[in-house]
Amino acid sequence: MNFKTCLIVDDSRIIRKVARRIVEGFGYEVDEAADGAEALSYCTGVMPDMILVDWNMPVMDGLTFLRRLRALPEGGRPKVLFCTIETRPERIAEALAAGADDYVMKPFDGEILQSKLTEVGAIAA
Amino acid sequence: MTPEDFDKLQGLLATRAGYRLTRDRMNLAEHRLGPIARREGYANVEALLANLWAHPVASLGWAVIESLLNPETWFRRDRAPFDVLEQELLPALAKARPGGRVSLWSAGCSTGQEAWSIAMAAKAAGAAAEIVATDLSQRAIDKARAGLYTGFEIQRGLNARAMLRWFEPDEENWRVRPELAEIVRFGRANLLDEPTDEMRFDVIFCRNVLTHMEPSRRARLLDGLERRLVDDGCLFLGLDEGLEGETVAFRPVSGRQGLYVKTPAAVRRAA
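Chains R and W, in that order, give the protein sequences.
Each residue of the first sequence is one higher than the one before, counting from 1 in the UniProt record's numbering.
Each residue of the second sequence is one higher than the one before, counting from 1 in the UniProt record's numbering.
Among the clues, some could well be false.
[What the hints assert, rightly or not] Derived lysine-lysine pairs resembling DSS-like cross-links, with alpha carbons at most 30 Å apart: (1) W:LYS123 with R:LYS106; (2) R:LYS17 with R:LYS4; (3) R:LYS79 with W:LYS123; (4) R:LYS79 with R:LYS106; (5) R:LYS79 with R:LYS17; (6) W:LYS8 with W:LYS123; (7) R:LYS17 with R:LYS106; (8) R:LYS106 with W:LYS143; (9) W:LYS143 with W:LYS123.
To be clear, the hints were calculated from the coordinates, so they are not data collected in a lab.
Just chain R, same shape as in the assembly (with noise of 0.2 Å):
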């Protein structure tokens, strides 16, 4: 069986907690990053297949993230989901020029998740 990857960064535990349970429920396997300094370590040990990330984080920021991991040689693989309370229209386009492949306005719920995941293609229709 071959599980596809998904990592989790958010420095709310319980956010990465509800998120870690949808996520699963899709058949992937989960880890998580409490901010995007770990979140970028670890995507230079190994390359994730989907990565949700929030905005603002202590240590790194959500953007900050995304554009360090789209230089990575092979960070232009993951699709890349931004999952924050963010709704300005103007921060949104820019997190999606930033190389986001969707953005997820909290609070969000399975059936939301469902349907943007399905939209990049990470998830089956």
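Since the structure of chain R is already known, use the hints to place chain W on it.
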């Protein structure tokens, strides 16, 4: 509510709306009728229903019916039908019709997500679409026409790029942009009513409506759709809604689940 109340509700829904209220929905019915009972000043749901059976007032009856319909919908539901519409049907129809004018109907549109999804497809395909969207529920139509959706609703089925392209923030919510709003007309309509005008459509979406119909009322609904559809027009049903042996008016398009084409009149007469 008593089992007798529920029997009468089933009868009300079946005769007026052709809607099959299954027995497993008794708790749901109780839950949905609570707010109506409070709004109308009744002590509880039993009192509301007792009054409705004794004095069948149309407005109260419709409020009860509306609350029991299944309003569930989301943007680009099942995705494939909207891709087929955008990439295959609309380009062909726009080329074939004078002025590229294509008319479409979202029949049973609930809170409007389907109609807006059709409108997005039309804009993307560059078709001059005129979209009519109807539902039995006035409340659903009011919401659809407002084009205002919560963060949960807007994200269900729409990716962020489409959301930014076709909607703008309105406080905590998202409102449809005028360029989509101006090509969709919403109105309340009962799909069981006989067509009283000559309006015809190139494409009809009537998805996940038949599923909830009383079997005995399906023929009447299908007849109405047939009369509203131009010859060779296209009908989208829900992915699991088959018409096996039910009518010769529509034939399925192979490889396009849920898509039917209206059989030309001459062929139907021969059959």
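Okay, the hints, checked on the actual structure:
no. : hint                   : result
1   : W:LYS123 with R:LYS106 : 29 Å, holds
2   : R:LYS17 with R:LYS4    : 18 Å, holds
3   : R:LYS79 with W:LYS123  : 27 Å, holds
4   : R:LYS79 with R:LYS106  : 19 Å, holds
5   : R:LYS79 with R:LYS17   : 20 Å, holds
6   : W:LYS8 with W:LYS123   : 45 Å, violated
7   : R:LYS17 with R:LYS106  : 14 Å, holds
8   : R:LYS106 with W:LYS143 : 23 Å, holds
9   : W:LYS143 with W:LYS123 : 22 Å, holds
When held up to the earlier numbered hints, the structure conflicts with hint 6 and nothing else.
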